[in-house]
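Novice: For reference, the chains in residue letters:
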Amino acid sequence: MASQDIIRRSGTSGMTPAAKGRNSSEQVAKLFDATKCNGCKACQVSCSEWNDLREEVGTFQGSYQNPMSLSGQCWTLMEFHEVMESNKLRWQFTHSACMHCADPACLKACSTSGAIIQHANGVVDFDSDKCIGCGYCASACPFDVPKIDPKDNKAYKCTMCSDRLAVGLEPSCVKSCTTGALRFGSREDMLFYSEKRVAELKEKGFPKAGLYNPEGVGGTAMMMILHDITQPDSYNMPVDPQIPLSVTLWQDWVKPLGAAGLIATAAVACLHKITVGRNIVEEDQPGYQPPEEEVKDKEEDDQ
Amino acid sequence: MTNHWIDIKNSNVIIIMGGNAAEAHPVGFGWVTEAMQHNNAKLVVVDPRFTRSAAVADYYAPLRSGTDIAFLLGVIRYLIETKQVNYDYVKAYTNAGYIVREDFSFNEGLFSGFNEETDSYDKESWYYELDEEGHAKIDPGFENPRCVWNLMKQHVDRYDFETVSNITGTPIADYEVVCQQIGSTHTHDRAATFMYALGWTHHTKGAQNIRSMAMVQLLLGNIGVLGGGVNALRGHSNVQGATDMGLLCQSLPGYLKLPSDKDTDLKTYLKHNTPIALRPDQTNYWQNYPKFFISQMKSYWGDNATAANDFGYDWVPKWDKQYDFTKHLDMAYHGEVNGYIIQGVNAINSMPNRNKVLKALSNLKYMVVLDALATETATFWQNADGFNEVNPAEIMTEVFRLPTTCFAEEEGSIVNSGRWMQWHWKGANPPGEAKPDAEILSGVLMEMRKLYKQEGGKLPEPLNAISWDYHNPLAPHAEEVARELNGKDLLTNRQISSFAELKDDGSTASACWIYAGSWTEEGNLMARRDNHDPSGKGVTPGWAFAWPANRRVLYNRASCDLNGKPWDPKRTIVEWVDGKWHGIDVGDFNMKLTPQQSAGPFIMQPEGVGRFFALKLLAEGPFPEHYEPMESPIGVNPLHKVTSNPAVRMLPGVKETLGSHKDFPYVATTYCVTEHFNFWSTHARLAAISMPETFVEMDEMLAAEKGIANGDWVTVSSKRGSIQTKALVTKRLQPLKVNGQLVHTIGLPRHGSHNALTRKSYSCNVLTTEVGDANTQVPEFKAFLVNIAKAEGI
Amino acid sequence: MNRRQFFKLCAAGAATSAISALGLMSEKAYAAVREFKLISAKETRNNCCYCSVGCGLLMYSKGSNGKNAEQTIFHIEGDADHPVNRGALCPKGAGLVDYVNSPNRLKYPEYRAPGSNEWTRISWDDAFQRIARLLKNDRDANLIEKNSAGTTVNRWLSTGMMTSSAMPNEGGYITQKFARALGLVAIDTIARN
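Protein chains in written order, with our numbering: chain A, 1 to 303; chain B, 1 to 794; chain C, 1 to 193.
Hints were generated in silico from the structure; no laboratory data involved.
Among the hints, erroneous ones may be present.
As the list claims (entries may be wrong) - Per the computed footprint, the stretches of chain B lying under chain C, defined by three or more beta-carbons under 8 Å from a beta-carbon of chain C, are:
(1) 83-94
(2) 345-351
(3) 677-685
Said to hold, decoys possible - Partial list, derived from the structure: chain C residues whose beta carbon lies under 8 Å from chain B:
(4) S116
(5) I131
(6) R139
Unchecked claim - Covered stretches of chain A, going by a simulated chain B footprint (3 or more residues, C-beta under 8 Å):
(7) 35-41
(8) 109-120
Note that the coordinates shown come from a computational prediction; the quantities given were computed from them, not determined experimentally.
Note that beta-carbon positions come from the ideal geometry of N, C-alpha and C, so glycine has one too.
With the sequences and hints as input, model every part of the structure.
Specialist: Structure, rendered in structure tokens:
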């Protein structure tokens, strides 16, 4: 069901042409309004429910937060932070999940053809069938989101419920949100709403309220309204997230140098072969449609 | 709820006190955020702990658990003092001007009529002065010093800011803000709602906590209006229905009374329960009691109920005492009970004083458990090291564990907090051989009938007379029973459409009069799913059926003045226009009457008005009064010499199980967290992942004093027992300054299970006390004393 | 990885690099997303069993509900048409499918004999017969027909009943009739806790 427009695809020029379901090229965004959230975890549980994820039952770790971090079996996590501000307690909650960067470091760092896809609507999706588990996405992400699941050695993260989006539904977390802290819609609508909400918050006694939509990654399709935009770190969010220099070098400098790129790619493949010892080739995957040049290539081989 | 969930969006000030809606009713809480966003409402949270409700509140005020009455009587004093009272409403619709008997008094913590030997009240004096016609005397100008208004003013006068703060520990600055917010809704164009739950009922004066709030709401004119009301957030999905169904030791369906020994025959019973109007021309709706009761008897016994046998009255068991859980388990503890049928209740983990409950269950000869899940109760005889220390060989109880369907596998109606009867449909077959409760009980009953037929026995008549004329008596279908609950005209065999059609001559049958109208000749109105909200005020008359009479806001006559004009045109529910009543909701009065004829909005009261003075209805007095919890961290009542509620029931031997603040200096309070629903959800993997283990919460100062770090193992002990668990050290709990000392609170989530998918944990009912509210016997789970110490890990 | 695959990977990498350098893809492309899992699932309306907000649910089950198919519920989400929850669910409600399918659901009637340390599976008929026998014996021995004043009271105190707060009203009324017909007075619901 290749029905989603994409604009980029890691490590390949190969296209996957297929029937097109509906126009999914409109930029979308998920907005998390931290000032409305009460940390109920409906988003976290409905994410796991929809995506059929079941983390191991953990133990108490001194917090309401459980599990303690995102993982291959936990793509959305409610984080709890007790913050003192001018002698008053604020219990802050972070809806921790993929930020869906406009300029996704994970995609840039990905070494595998088509394992990370950026849909035209702004969603950054992982295709685990193609993932080789190299972990480059995980180390490149400035938000520490993608996680390698030790069970199958593949990277996982929030897909913005791309399967729901594809049939015109909102992500599961957004649907279940009890307070309306999560909203979903066109990016334009979300920006419009954010502006209104931030202005309202400033009037209501939060002069530093603002929208977290960091420029360092080109903006994000998951944006956050914070009580205090000057201190995203109090929400465990980076103050100025950037694409790591190594990734920029790799993507924007090394790869364009054709031969060098070839060598580097080979190096990655070899490295992967040595360190991980397991690979999945896209031809082996169900529904794989070879790009034209491959078909040609195959014909040659057959001869 | 007098109102309903969506109606919260119409509020201007929302007070969450005695509850924690964001955690226990998260989706209902969504309407609070709606009000804040679209109605510019303010959210006020008053709680011993800074909860997830407090996290999004505009104002948070801490208070010491068990001091809500002092807090609220202080609010009443403030409102009267600052004249932030809705006088129009108070004069028209409350008993403020009613004159109280001369011999009523309140002195040094006790109301008139207290008998120190029996620890109970003779309530004779807690009543109005009556005139020759038996009507209450009134002074509409509130000048008579014996009128309710002046007695109330005098009663609350002691609760000034300093006194309140000294008792509750609430800082005066925080308290003042809360008072101002509440006071701001005394005008006609503003309304406040109070959202409460077990945080108010789990006290030895739970009913009086709620009354105090109801008095505040009457003063502000906030009952019967959109965005107002007295809103109990019920617990379980159908606990409202279970109480509607009279599944209590002194109830029958529809809030009729189970007869007592004093009701020696039908005539006497009906006389005791059919009130006489206390004012001229009042609706006094309970005057219809005989119609409701006789129709219920016709439903119970069918053709076997005749005028000649008093409609089967003698077959209905009579009570001599209140046999609630606590009392009956105490009897079991003393070996006076042989059997128990336990349906969907994890008694061993939820009843107070676990060690006593364990002994009580071990004394039984037989126990029949009907449950969808493998609970600790069904396996109370199994040893679970540390968590349930027993020797199975010594426990001689025969136990049956019978699997039941869950909601997804059965049809029927459940009633939400807003009294909506919502029909639901089956989505799958149950696992294995599980059956609905109705089929299991039918199976047992049919076997018993067989046995009585074969061998005779004591009083087989009611067992045989009870109507069980279902298509398949072994499997009554929900639709058949729902029709029976609604009731029918026995002469025409047509479903009735309203309880107004019920008669007391045996010609109508209705199992539960308040459900009349839910399944009429039109069909199943509970299955309706039209979510249209024509007024935009959240009234959706085509969605399911709200009892009574599909009415969404109770007492809505009070939203208009005496002439039927809405106090606030923006909050119109009903109004009198052009000689007729119109409205967005079904009027809570006879809409054929003129405004003047239908003036008393509290139609269930024989005087038609709301009561600041509760007459003889409650055990501990017609006005609320602050008493300390049974286990008080300060050991004295700063107001007078009566420390705790003088009217509580103290079963023999229970006094010895109460601890002193000298040995157990900290206040413990139990609660649920968002992730779990008691022990139930601990069997669901997703819920277990999101909150895998129980813990206790404590403040940083106490933790430092005790050398306890976040995540450390601790021992928490009360006079009843001790548990080991892990500590969560948090800023969300703060010690409070009370009566010259610092009082620390320990928070105890009540989700400890040793037989679920969560980590094996102790259950906190090891610690809790069984002393209950003087009226309802609900145990004081919210305020008791414990000690805490660092422990070795287990 | 064989030689050919290795070569292709390198070639693909090189090609991508070249295109990426221009910041463009050469032509419009499409990608697959995971298949929408509710396609053709049977949808049933229900209400959440936990608290009394009474949120509307949509339960999705496998199996057509036809004569020969057994249905199993594999997903539950909020009913967006429900006026109270409008599609939302709390974390407990969002995880309901794990209650319905909990490994701790009871499947068969079981019996534990006095002093025993284990459950034995029994049939429903055996359960009904044995329970009826126990109830009758206790009722016959302990039902109080008249109190000391001679009033007919017909109460049975030596057996009690704790009743569910989650079963539907219809089950509740059956429970009420069952209990009162036997003369039970000590019945109580978890409402009190």
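Novice: All hints, please: hold or fail.
Specialist: Status of the hints after comparison with the structure:
Counting residues of the region 83-94 of chain B whose beta carbon lies closer than 8 Å to any beta carbon of chain C gives 0, which falls short of the minimum of three for the stated coverage. For the region 345-351 of chain B, the stated coverage by chain C is satisfied: 4 residues place a CB nearer than 8 Å to a CB of that chain, which reaches the threshold of 3. With 6 residues having a Cβ less than 8 Å from any Cβ of chain C, the region 677-685 of chain B passes the three-residue criterion, so the hint holds. A least Cβ separation of about 7 Å between S116 (chain C) and chain B falls short of the 8 Å threshold, and the interface hint therefore holds.
Taking 8 Å as the C-beta contact cut-off toward chain B, the hint placing I131 (chain C) at the interface holds, the least distance being around 5 Å. The beta carbon of R139 (chain C) comes within 6 Å of a beta carbon in chain B, closer than 8 Å, and the hint placing it at the interface holds. Residues of the region 35-41 of chain A with a Cβ under 8 Å from some Cβ of chain B number 7, which satisfies the need for three, so the listed coverage holds. Beta-carbon proximity to chain B at under 8 Å applies to 0 residues in the region 109-120 of chain A; the threshold of 3 is not reached and the given coverage is violated.
Consistency note: the structure conflicts with the earlier hints numbered 1 and 8.
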